[in-house]
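> All chains should be built: construct the whole structure from the sequences, respecting the hints.
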Amino acid sequence: MEIKKPTRRGFLIGGGLVGGGLLLGYAWSGPSRLSLQDKAVAGGEGERLVTTWLKLAPDNVLTVYVPHSDMGQGVITALAMMAAEEMEADWSLVRAEQAPAEQAFANESLSQNFTDGIEIPSILTGINNAAWYGVAKLMHLQVTGGSSSVRWTGQHGMRVAGAAAKDLLIRAAARRWNVDPSQCVARLSHVHHDASGKSATFAELAADAAELSPLSNPVLKSPKDYTIVGKPIPRFDIPPKVDGSAKYGIDVHVPGMLHAAIKFAPVFGAEVVSYNEAEILKRPGVKKLVRLPVGVAVVANNFWRAKEAAAALELKIDTKGNDTRSTASIYAQHDKDIAADDSAKDVEIGDTEAALKGASRLVEATYRVPYLAHACMEPMNCTVWIKADGKAEVWVGAQDALGTRGRIADVAGLSFDDVTLHPMLLGGGFGRRIPVRKGFADFPSEIDFAALIAKEVDAPVKLVYTREDDVQHDAYRPAVTSVFKVALDAEGQPVAWRNRYVTKDDPAEAAHIPYAVANQSIRSVESPTPVPRGPWRSVAHSQHTFFTESFVDELAHEAGKDPFEYRRALLKDQPRHLAVLELAAAKAGWGTPLPKGHARGIAIQEAFKTIVAEVAEVSVSHTGELKVHRVVAAVDCGRMINPNTVEQQVESGIIFGLTAALRGEITIDKGAVVQSNFLDYEMLHMADMPSIEVHVIESGAALGGLGEPATPPIAAAVSNAVFAATGKRIRELPLKKHDLTPLAAKLAQAAE
Amino acid sequence: MSVTIKVNGVSHTLDIELEMPLLWVLRDELGLTGTKFGCGVASCGACTVHVDGEAVRSCMTPVSAVENHDVVTIEGLAEASGARAALAPIQAAWIAEQVPQCGYCQSGMLMAVSVLLKEKPKPTDAEIDEAITNICRCGTYPRVRAAIHSLSNT
Chain P
0 MEIKKPTRRG FLIGGGLVGG GLLLGYAWSG PSRLSLQDKA VAGGEGERLV TTWLKLAPDN
60 VLTVYVPHSD MGQGVITALA MMAAEEMEAD WSLVRAEQAP AEQAFANESL SQNFTDGIEI
120 PSILTGINNA AWYGVAKLMH LQVTGGSSSV RWTGQHGMRV AGAAAKDLLI RAAARRWNVD
180 PSQCVARLSH VHHDASGKSA TFAELAADAA ELSPLSNPVL KSPKDYTIVG KPIPRFDIPP
240 KVDGSAKYGI DVHVPGMLHA AIKFAPVFGA EVVSYNEAEI LKRPGVKKLV RLPVGVAVVA
300 NNFWRAKEAA AALELKIDTK GNDTRSTASI YAQHDKDIAA DDSAKDVEIG DTEAALKGAS
360 RLVEATYRVP YLAHACMEPM NCTVWIKADG KAEVWVGAQD ALGTRGRIAD VAGLSFDDVT
420 LHPMLLGGGF GRRIPVRKGF ADFPSEIDFA ALIAKEVDAP VKLVYTREDD VQHDAYRPAV
480 TSVFKVALDA EGQPVAWRNR YVTKDDPAEA AHIPYAVANQ SIRSVESPTP VPRGPWRSVA
540 HSQHTFFTES FVDELAHEAG KDPFEYRRAL LKDQPRHLAV LELAAAKAGW GTPLPKGHAR
600 GIAIQEAFKT IVAEVAEVSV SHTGELKVHR VVAAVDCGRM INPNTVEQQV ESGIIFGLTA
660 ALRGEITIDK GAVVQSNFLD YEMLHMADMP SIEVHVIESG AALGGLGEPA TPPIAAAVSN
720 AVFAATGKRI RELPLKKHDL TPLAAKLAQA AE
Chain E
0 MSVTIKVNGV SHTLDIELEM PLLWVLRDEL GLTGTKFGCG VASCGACTVH VDGEAVRSCM
60 TPVSAVENHD VVTIEGLAEA SGARAALAPI QAAWIAEQVP QCGYCQSGML MAVSVLLKEK
120 PKPTDAEIDE AITNICRCGT YPRVRAAIHS LSNT
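Note that the protein sequences, when read in sequence, are chains P and E. Per numbering that gives the first Met the number 0, the very first residue in the first sequence carries number 0; after that it's consecutive. Per numbering that gives the first Met the number 0, the very first residue in the second sequence carries number 0; after that it's consecutive.
In short, the hints are calculated from the structure, not lab data. Worth double-checking, as some hints may not be accurate.
What the hints assert, rightly or not - In the DSS-like style, the derived pairs of lysine-lysine whose C-alpha atoms are separated by at most 27 Å in a straight line are: (1) K315/P to K286/P; (2) K121/E to K626/P; (3) K246/P to K5/E.
Written out as structure tokens, the structure reads:
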């Protein structure tokens with residue numbers, strides 16, 4: 000992982016667009032010198048941007064502009080809380096909005112200018128390094144991913160911006176009242192001088208504060224003085240989501256707008272040779288057909304007409320030889336590439352090969368997980384209008400609004416400045432709505448297609464995927480194979496850990512283990528396929544935590560030890576892990592009696608600086624039916640910003656991971672995806688829900704992410720519980736593939 | 000073909016194909032985008048509306064089937080429930096329990112749950128499981144259940 004270490008000073012003074020200093024100077028000195036940001040958001044009479052993300056209106060309402068997308072994770076509210084806390088704002092006067100897709104609001108500027116020695120989340124560096132994402136595009140980054148919003152933008156941006164703004168307002172008040180700033184305090188969106196009884200609203204002081212320079216190192220509040228952070232505050236985004244008024248990308252209506260649907264060539268990498276254009280053009284409402292690299296788009300005056308016409312398209316395709324691929328052939332390729340072991344180093348500690356040779360007891364296993372689609376509830380869509388004057392407008396829900404804007408400009412052959420992007424709500428993201436395909440730089444998405452279609456049409460065009468398009472033309476969570484060979488000593492303790500897996504992915508540490516093993520050799524091999532791949536909630540943790548935490552369970556069984564105690568002993572030098580593991584076990588009643596046929600499994604993983612342990616309680620019926628009854632999660636995320644959303648994100652992460660563990664599977668046959676909709680790419684429903692309990696440890700460690708870390712452990716926790724219940728070790732997901740019928744029941748059935 | 004439908008108490012006469020699903024009539028012809036497209040095969044429930052008080056998945060309901068029937072969408076739920084406030088009690092409960100995450104499925108969820116509560120004001124967990132088969136990818140199910148129970152306890 001790349002680590003940059005500029006100084007904090009660079010943030011406020013030299014930070015330019017993000018830095019408070021420059022911005023304050025420009026923004027508050029008159030309309031002729033309005034900054035980019037002021038142009039974008041401070042349009043109202045008398046409104047002033049205080050620092051990059053903070054705007055005060057004359058009625059003392061503070062608006063916080065959050066440079067991230069809220070996909071339901073509550074980040075708009077959480078980041079506003081962090082800024083308001085440091086600024087001493089009255090929460091009833093605080094509003095929050097997603098920042099415009101302007102460079103001035105790029106969170107990437109933070110990574111350039113201010114880190115204070117903090118590691119940059121790999122979601123940022125990883126995307127920076129993507130092959131096609133050239134240096135010129137770095138400034139276009141506004142990513143929501145890697146569970147980075149709160150721990151990155153919030154911790155190092157919002158808090159500092161809020162504290163700097165408070166300091167400016169206090170100094171402005173002190174100058175006005177001719178008193179020492181140390182005698183003034185900020186409380187509830189006012190500055191007070193208690194000795195004289197004077198007070199002024201933040202808004203009344205804003206113009207004076209404009210003439211001052213911000214501190215480079217404003218003092219941040221001590222957590223013990225928090226009045227907003229740590230409270231279960233209702234989210235800003237919820238009310239419009241209960242009355243139908245919330246506008247997602249798919250809901251955009253632009254006057255004169257047309258609708259587009261695509262008939263895809265089913266095989267990845269195939270090309271369209273010909274199609275029945277004349278016949279389709281005769282259909283009601285159809286305006287135009289546009290040939291795309293992956294299929295043909297139908298443009299019509301209503302989405303249903305476009306969709307029906309696309310369904311009636313008959314494509315002749317050239318599969319380019321890609322129609323021989325199948326899940327079986329891809330797994331065979333994994334096995335071959337792993338056996339060849341032309342591998343890249345991940346972890347090398349000690350001398351693993353020597354330790355394996357001298358070992359008395361070896362444990363070996365091969366694990367696999369399939370491709371997964373994201374299946375966001377809002378089918379993919381993007382609305383683009385390229386006007387006669389060469390300017391473009393875009394409406395889309397994106398996890399990286401700036402990156403999407405840049406991508407549209409590239410594909411449409413326009414300059415970045417000629418593209419205006421209107422960020423819309425996202426009906427789910429989970430990694431799907433980042434316009435980057437690492438390792439598959441040329442793989443285009445709906446963003447590209449919408450731009451290509453709009454170039455051919457003299458009107459705004461809304462492209463919408465059907466659910467079938469979404470399931471069959473995603474950028475998939477990669478299928479991965481992972482092979483373990485571990486040596487145990489006489490006490491059953493692991494002394495050498497050898498792991499080979501296909502395809503290095505983000506984050507780099509996903510395959511690493513927290514356990515004390517003296518010799519470790521963890522290496523990856525590349526095994527490319529034409530199946531597009533992309534980030535999926537928790538990224539590489541989603542595969543590797545299932546592998547490592549299931550395999551550690553195998554080792555415990557091999558050693559004849561309790562799986563919780565076995566992990567505990569191996570984590571004795573990892574106090575945070577140990578505390579989380581022990582809390583989960585205690586709250587779940589680990590070791591206490593269960594109803595007949597029930598069993599527990601445990602797993603733990605650190606992801607995005609948050610440690611999560613989960614205990615799953617399952618039962619397997621005499622017909623082999625698996626039910627997950629209860630999941631107990633213990634979480635150390637350092638500190639909670641909004642307990643309401645912490646609990647919500649942990650529940651959400653568990654259910655997302657559980658859905659994949661029990662049912663999630665995209666299979667490939669003849670070079671194409673077999674599944675097509677929720678009927679065969681199955682989701683969990685209300686009836687499948689276990690009870691979920693969330694217990695949080697506020698260790699005070701550096702803030703960890705929360706959108707993703709609860710997802711990784713659940714597959715292993717459930718699989719380990721299945722082993723405890725049935726003796727059947729699950730080494731391949733999803734669980735629905737496995738016949739869990741107890742042997743005794745099978746024998747009885749056979750005897751009948 | 001001309002078809003007349005009544006949505007949220009207002010009649011609309013439209014010149015459209017009779018087989019066009021109600022979902023797309025609501026969204027693209029009437030601009031009522033609170034009703035969501037999720038799957039197109041009546042599997043996920045994001046497109047749920049009320050037709051004469053019954054929960055109906057509009058993505059597979061031809062518009063001709065609702066001629067002479069009362070259609071209510073999420074935009075009309077508060078008024079149809081007789082609430083004097085801007086929100087129906089169920090919508091207020093959704094805010095109180097902080098149910099939605101991304102929120103995309105919640106229109107359909109609210110429309111389905113409101114019919115369940117009309118038929119069974121105090122549903123058991125098993126009754127909820129059987130009646131509410133809407134899909135939510137964010138996993139709001141525990142809070143949907145809590146919100147339902149909060150309404151049945153009042």
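> Against each hint, give a clear statement of whether it holds in the structure.
Outcome of the hint check:
no., hint, verdict
1, K315/P to K286/P, "holds (22 Å)"
2, K121/E to K626/P, "holds (25 Å)"
3, K246/P to K5/E, "holds (24 Å)"
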